[in-house]
Amino acid sequence: MLHTETVEGTTLELLRRLQSESMLDSFCLAGEIALALYLGHRKSIDLDLFTPYPFDVLLLKDFLETKYGFRTDFLEKNTLKGSINGVKIDCITHAYERLGNPCMEDGIRLYALEDIVAMKLSAIADNDSRLKDFIDIAFLSTRLSFYSMLKCYEHKFPKSNVIRPILRGRDVCRYGYEWANLWIINTHNGIKGDLERIHIEDYPAIKQHLDKYWDKIEPRADQGDTAYNLRNCAYLDEFSKPKIVWGNLNTFGSYAIAPENMFINAPACMIVPGNTYLLAVLNSKIADYYLRTLGVVRNGGFFEYKPMFVEQIPIPKITTEKAKQIDNILSSSLSMEDKDVKIEEIIEGIYGLSREEITFLHNL
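For the sequence shown, the UniProt record's numbering gives the first residue as 1, with consecutive numbering after it.
Keep in mind that the hints were calculated from the coordinates and are not lab data.
No incorrect hints appear here.
Derived lysine to aspartate or glutamate pairs resembling EDC-like cross-links, with alpha carbons at most 20 Å apart:
(1) K212 - E201
(2) K61 - E76
(3) K132 - E5
(4) K285 - D327
(5) K81 - E32
(6) K306 - E238
(7) K77 - D56
(8) K342 - E357
(9) K67 - D56
(10) K77 - D25
(11) K207 - D133
(12) K88 - D62
(13) K322 - D338
(14) K151 - E178
(15) K61 - D25
(16) K77 - D62
(17) K285 - E356
(18) K342 - D327
(19) K241 - E260
(20) K339 - E321
(21) K241 - E154
(22) K317 - E344
Please work from the sequences and hints to get the whole structure.
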């Protein structure tokens with residue numbers, strides 16, 4: 001149910017009338033009023049009407065002036081700003097893919113909440129943010145986790161994503177991870193011929209934050225084209241894919257699949273792309289035993305799971321049916337302990353281990 005009490009009655013009636021016009025049938029409500037209608041957390045007064053399509057600005061201007069007494073303040077291609085009876089109205093082309101279907105309720109057509117969230121984070125990242133923007137985020141956190149909000153932002157603005165979640169090796173466990181709510185400011189240096197580097201001038205709020213640490217940022221040797229940029233990373237795109245990740249130093253093999261756009265901090269490692277069969281092999285007793293024949297176990301039973309060792313593990317080919325069997329176990333409602341037992345049995349069968357070999361591995 002929309003919180004219509006957050007908007008003046010005359011403004012709501014004007015909104016309904018505008019959205020009933022065929023000339024505005026592709027425009028949906030966005031911005032602060034849309035968020036207030038969803039959350040009911042504060043009053044709002046301005047109408048932001050966005051469409052994913054180009055529109056004839058002059059034609060819309062003439063229509064609104066003639067029928068509604070619209071007063072024009074600004075216009076350019078695909079942008080018309082002005083007011084009707086003191087109510088500010090912006091009509092803008094927002095040429096980004098919609099994350100969800102528009103919500104139509106009580107005669108009002110709004111962008112999906114996921115789209116509103118993405119736009120709010122974009123406003124914070126791209127402009128000097130205001131206190132009320134952070135208040136909005138605080139109220140949104142009662143509906144969505146901040147990680148979910150960031151995913152909305154990533155999906156809507158894939159080329160604008162600067163703040164990314166990051167894992168450390170210690171956060172990774174067998175078949176999962178415990179994210180410590182850590183983030184990386186990914187002011188990357190681009191990929192030659194494919195991706196433009198981050199220009200800090202486009203992110204004034206982030207620049208303002210980084211400038212607080214300028215005495216540490218400026219003398220770095222590992223910087224990109226500017227001190228604000230990270231050094232070149234040839235595999236930058238790999239972080240935007242599902243991947244198998246693991247900590248470099250552990251007492252036993254602990255591998256997990258990290259989602260798209262989740263970064264991982266060195267010396268932790270990753271394999272791209274990640275799939276559940278390879279994950280099951282890496283987490284198996286036979287793989288861990290084999291790895292420990294390649295290197296030296298340190299004091300306390302710690303082993304360094306270097307990529308140069310992991311890449312030597314022989315991986316048998318399997319049938320599609322066997323791979324689906326592993327997928328089904330991992331996605332089932334069984335406890336992780338029961339899943340581990342069933343998957344271990346499958347891997348032992350794939351490698352053709354004898355009963356004596358299985359007993360040997362389980363007794364280590």
